[in-house]
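K.L.:
Using the sequences plus the hints, can you model the full thing?
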Amino acid sequence: MSTVTWITARGLFGRRRFLLLLPLPLVLLGLAVLCRSLGVDPREWGPPVLVGLGLAVVLPVVALIIGTGVLGAEIDDGTVVHILTKPLPRWQIVLPKLAVAAGVTAVTVAVPLYVAGVLASSVRLGLALAAAAALGALAYSAFFLALSLVTRRPVLLGLVYVLIWEGLLGNFVSGTKVLSIQQYVIALADRIAPTGLLEASVSVSVASVMTALVSVGFTVLAIDRLRSFSVAGETS
Amino acid sequence: MSTLSLTGVSRWYGNVVAVNDISMALGPGVTGLLGPNGAGKTTLLHMMAGFLAPSRGTVTLDDEPTWRNPDVYRRLGLVSEREAVQGFLTAYEFVLASAKLHRLPDPAAAARRAIDLVELESAQDRRIGTYSKGMRQRARVAAALVHEPQVLLLDEPFNGMDPRQRLHMMQLLHTLGDAGRTILFSSHILEEVEQVSGTVQVMVAGRLAASGDFRTIRRLMTNRPHVFAVRSTDDRALAVALIAEASVSGVELEPTGLTVRAGDYGAFTRALPRIALSKGIRVRQLVPSDESLESVFSYLVEA
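Listed in order, the protein sequences are those of chains A and B. Residue 156 in the working numbering is what sits at position 156 of the first sequence, and the numbering runs on without skipping anything. Residue 168 in the working numbering is what sits at position 168 of the second sequence, and the numbering runs on without skipping anything.
Calculated from the structure, these hints are not laboratory results. Check each hint, because a few of them may be wrong.
Stated by the list, open to error - For each label pair, taking beta carbons as the anchor points, the in silico distance ranges come out as: (1) B:N69 <-> A:L169: 36 to 46 angstroms; (2) B:D71 <-> A:W6: 22 to 32 angstroms; (3) A:W6 <-> B:N69: 24 to 34 angstroms; (4) B:E119 <-> A:R10: 20 to 30 angstroms; (5) B:S289 <-> A:W6: 52 to 62 angstroms; (6) A:V216 <-> B:E119: 42 to 52 angstroms; (7) A:R10 <-> B:N159: 26 to 36 angstroms.
Just so you know, these numbers come straight off a predicted model, no measurement behind them. Even glycine gets a Cβ: it sits at the ideal position worked out from N, Cα and C.
P.N.:
See below:
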């Protein structure tokens, strides 16, 4: 494990903020178990719980908390200077941090989604949701990590993206769905395990290409922004 | 031996000029960067350390630019002003992480050596969060020194330290400077830099106002007239005794107390308690009345 990975992981799990991650996956899990044990028809609770809660809220919000935290928290409290005053090419800082963010997000979200998928339909759906969520975690993490280098308010802007762009505009303006990571995740999950529960609105090819583009593009952006990272002087 | 060179460096934010056309070359030894708050010291240090692009001019370390060039950190260390330390780490872990990030061949030995240098061995296994300010500062210096850089930049390293810690830090900087390293520290408190024996660069309002041997500038500083407000149990008797002192150039008797003008800061402050004691006068108040940094620095600039 590289030192950057180690510091990032310790910084992430050492902060209280980390506890914020637990309730959302637990709610998802709890709702799925509850619906199943009450014998509700999966076609009724599947879409709202799996998509409405799992893919539209739990995945992006968990990714937001972690993705803006791995580097953003260090920028906020100034400890990032310790890592930056090292003769490391900047990609060696961004990639480990991205790996931690995407990995922790994937595990946190994929496990409850897998269980909920199994309860709703089949092991196959569970695996499909978990795999697609892991890919989504990578794309979201790259996006939010880059966001924490581009703006001083990454959490706010990230929330605006998740709630307004993906959540609200996606319902009214169908064109925005082409630029929505949530839709890519749904399309990918539906492709791996076709059920009636997921409703894809972008094609699988668009989804895979865009997921790759978002992940790579924002990572490159983050590396470049970190290269020109400026510490604000006392006068600004 | 490394040289940090600044050529015509300016930095502005919008239409506020923080640093205005500064050129200097820093060689081995200890250099103090002095100036009042807001003079642009931190901005200048950040440009030296590659954390800010100069709006104009160049900052180079041995002819390589420091901006967008992480390789300079092999030869450069920075202790920033913000007291940012991962408080959940112990000093040893913190310095060791630094050594590993530098890819040093033997990080554990390097970390122990750096902790030794700042004399933090006894506390190295405690979490940094439990440290005093001076200890935290030393832990940060150890982390910045772990790769034995040729150039070490420190932003306000004495801030919040007590006189003993300050003396200790100053000795450390001198040891490093004498070993041929280039050490630059900034400070806005003149009294903090009393023990420096190197050169100083004085910044006022973004410009380089004075630079040169510390002793010359120190003499200018100590020889300027100082004004004190003194109140005692018997102002008139004290005034009579004070005017006989060589260091006192004038005394005014006012209803609220004495206004004393002294030519020599140190001599006067040493003489006052001696006089008061021998005359049986109790001094109730002694306030230097024009010690604002701006007045001191503007005096320096005029001289």
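K.L.:
Kindly indicate which numbered hints from before are broken by the structure, ordering the numbers from low to high.
P.N.:
none
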